[in-house]
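K.L.:
Taking the hints into account, I'd like the entire structure generated from these sequences.
So the chains spell out like this:
2 protein chains.
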Amino acid sequence: MRNKRFVASLLAASTLLAVPGSLFAGEPDKTAQIIDEGLARSEAQILAHELLDQIGPRLTNSTNMRKAEAWAVEKMQKLGLKNVHKEGFDFGRGWDLISSDVRMTSPRPIELTAIPVAWTPPTNGPVEAEIIVAPISKKEHFDAYRGQLNGKIVLLTIPGMGDEPTTPAFKRLDQSDISKNDEIDLPSFDPGAIERWRKRSEFAQELDDFLASEGAVAWVKKARRDGKLLHGEGSGYEVGKTPKLPGIEMAAEDYRRLARLAKTGPAPKLTINSNVRFVDGDTQGYNIIGEIPGSDPKAGYVMAGAHFDSWLAGDGAVDNGAGSITILEAARILQETGVKPKRTIKFVLWSGEEQGLHGSLGYVRRHLVAREGEEALTPGNVYREWRYLFPVTAKPGYSEMKAYFNMDNGSGKLRGIYAEGNVGAERLLRSWLAPFGDLGASSVVAGETGGTDHVFFNAIGLPAFQFIQDPLDYGARLHHTNIDTFDHLRPDDLRQAATVMAGVLMAAANDKEELPRKPLPEPQSASDPFKYDYPETD
Amino acid sequence: MRNKRFVASLLAASTLLAVPGSLFAGEPDKTAQIIDEGLARSEAQILAHELLDQIGPRLTNSTNMRKAEAWAVEKMQKLGLKNVHKEGFDFGRGWDLISSDVRMTSPRPIELTAIPVAWTPPTNGPVEAEIIVAPISKKEHFDAYRGQLNGKIVLLTIPGMGDEPTTPAFKRLDQSDISKNDEIDLPSFDPGAIERWRKRSEFAQELDDFLASEGAVAWVKKARRDGKLLHGEGSGYEVGKTPKLPGIEMAAEDYRRLARLAKTGPAPKLTINSNVRFVDGDTQGYNIIGEIPGSDPKAGYVMAGAHFDSWLAGDGAVDNGAGSITILEAARILQETGVKPKRTIKFVLWSGEEQGLHGSLGYVRRHLVAREGEEALTPGNVYREWRYLFPVTAKPGYSEMKAYFNMDNGSGKLRGIYAEGNVGAERLLRSWLAPFGDLGASSVVAGETGGTDHVFFNAIGLPAFQFIQDPLDYGARLHHTNIDTFDHLRPDDLRQAATVMAGVLMAAANDKEELPRKPLPEPQSASDPFKYDYPETD
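Chains A and B are the protein sequences, given in the same order.
Count the first sequence with full-length UniProt numbering and you get residues 1 to 538, in order.
Count the second sequence with full-length UniProt numbering and you get residues 1 to 538, in order.
I should point out that these hints are in silico values taken from the structure, not numbers from a laboratory.
Since we're looking at a predicted model, the values are computed, not measured.
Heads up, a few of these hints could be off.
[Stated by the list, open to error] Going by beta-carbon spacing under 10 angstroms, a handful of chain B positions derived as facing chain A:
1. D53
2. G314
3. G437
4. F486
Ideal placement from N, C-alpha and C gives every residue a C-beta, glycine not left out.
P.N.:
Here you go:
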């Protein structure tokens, strides 16, 4: 009952606030229909179940990801989207985790909580060896351990102490949290950054080479969160850059116990069985794209996207099943309400995001701009170096893209939009959100966010935005972990998110005005419109 | 430097506040020496490492617990404690977890996070079967599933939704938290409680019988905390009451995924390999007891205790390695400072606490009181029913015990003492704590606490107390879980706790006054001095 009345009051509110042009006398306007369809007949949960429970994690180019890609294409086709297709970009090898088992066998038997690190090779059956604790984080540390690693399993992380979580894991935003982001960060440029990043990325390979040449049999790193959480993130996906040694991430509690036992001796023995396999053949990653065609072929398109790939310790639920499901559900809502937009609405599920926004960058390079010398870049350095190439030349598609909306911050409900420094866009964004004020999604703040697929669109001046979302327990314990599963999605938040996204897309597709753009970037200028200190990836 | 100055200022403070009789002109008094020894030369961490990392979990009567018992006897002997001995009580079978492996094999392969439930039988190799979700919590549910369980793995818990932890996992007390417990709860009596408890305990066996008679191959329960935490608690330790079916506790995330997949079908298949063994031969549990003899044979004794047994998903660090280590470290501090107390100081490590305070109740029955008809009780019902037997007759040892102090709330530092309703004791308790005000342990509150080994002493009128401790993350995530490991102990808190405990024991052993007692209990009276609604166990 409460829900019905709630929807009814929203219908009334949205009729008053409706976007001009979508109101027909005597029947609910499209915004009201969207709200009704999205809240009262949501299919977000069943989409989530199919994607997360039945298919599971979606490491880029893994067998599971290929299944998920086929599922997404079929879903988009069944929704009646047009021009549904896969669009490739250079990536590298796939990698499947089949099973794994890590145990301490001496001084006492314990099952250890651990996961193979993505893109490390298999052990080819159980390997038993003593451990050695050898925290190595730069080449200068190699000498200290030379000659000691032969036949050993090498523990590479400084063990440290147990954590003390004094803030709640699960949090919703209040207005003051949101307002803190209503400010533009000043652009900054760090001329040494490229060189440092190159060195850092070379170090992973140098370390692998060093460990292999010393005769180590495997390495272990400590999970970066306590409490039996695992992540399994790894690099090494590039063709020709596969690591030599099996690598394991171990739960912090188990890792530290090993380190303490090694300290008082004798060194513990482990058996590691990492049953993983590489998936070769097709080294392209694929974005999945579908659309609702616009009525005006000259009006361009608006686009909503979310990365579809995930890490593989959990099922990739909040990162980023949630965003992917919201994209598909928003498409369903719009199809169900029979929207005929002026501009085309594109729906995109990106791949390769976790390894450096490869999918969205691939789209940018294919359709939107060219940068001088970009042909020389490889999947291993494109994320870091592409942005420093000048000049930047707009392709014909550049003018067609009128707005991009990204979702990649978990399953928390949408609270508004980050204008990403494009303050001129705030007025229109606010008007598009207005019908959803009663759903909690009314804020537009100036701040920029990083680490996900709107970044390269924004970096070339396009109006590209991330939604503000309630963080819930995304950062505290779900992001990339083995508990990133369906049951930590919040279904009520997801149907709100899909509803708001559908409404914003409709408004953006129909508005008589277009969003302003930022200028194309120029080299090393203090007025450069994007920040150079993006976090690694998200 | 900071530590040194801190200790120096405490030395000065404690000289002023010293317990009368322990001050010698020109040299630090015993309290000052205790503080110096406990804070500056703590051995708590190395004790913890030996017990928790090297020996590990200590399920009552398991092989590991026997090792730990031998270790504790040796430690007490090396500390020069006198009359070190093991004291038996009726318990039941031991049970060892050797290894286990639980996987979903269909519709897709996943390693599931799970642990065999204590005292359930082994699978004798891998068992593969389909699951059925059959939430059964009382006999009335049997009919709904009759005929459907043959050859199945039965999921017994209602799956529910993911949790939303909105309070911090890790917490220290402020004064207002402590003051909330400065109140006596009114005693209450629930005449139907025994019968209900009997039925509840019979139900576990009836359920096992039902599942076995229906041909189920194993059962699974959901872990009661989210986030891949496991507990593995089980009953069934009594001789002749071993369950028929293997039982598994599964991480909440994995359990719910199975339940969702079963809902949309086809039913997932699991393989379970529960490699466990029963340890028979000696069915007695053992408390470990040692003492510093008092100078006055007529002055009786004071006692400090902590349960030494644990569950087995982790290493039993905060529950209750912390208390056990504190007892041993307090003994070391007192021996090191050469205390010659008037009253004997006894140090006890209890066993069988997790299954119903068996060790401390065994001590109470052996040394302190007899209750009419207690001979008929068994390990399975003694915890629940012994307290309802009347009359209660004091044994000669009853008058010898002058105080009991218990520690069983994790590794958080001591903040004071619960007077456990014995408000007449508060004045002396406060004076004993006075030198430790600067260490944060000055509060005495009237409140009663339950669920651990002071309970039966308090219930028969003896002055028996639990310490107030900073909770840290004990309740939120450590208590009985697979992350109850060394690295979630706080070493600084432990050395504070051992220091305060040593000081309080010395003061209690030397004070010219004795603590007041409460009356021996009488039947079913509203003025009965103990509460009848103790929580299950702690």
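K.L.:
Now, for every hint given, state plainly whether the structure supports it.
P.N.:
Outcome of the hint check:
A distance limit of 10 angstroms between C-beta atoms decides the matter here; for B/D53 the minimum to chain A is near 5 angstroms, and the interface restraint holds. Interface hint at B/G314: satisfied, since its Cβ lies 8 angstroms from the closest Cβ of chain A, which is below the 10 angstroms cut-off. Taking 10 angstroms as the C-beta cut-off, the interface hint given for B/G437 is violated, the closest approach to chain A being about 24 angstroms. For B/F486, the interface hint holds, the least distance from its beta-carbon to any beta-carbon of chain A being 7 angstroms, beneath 10 angstroms.
The structure does not agree with numbered hint 3 stated previously, though it agrees with all others.
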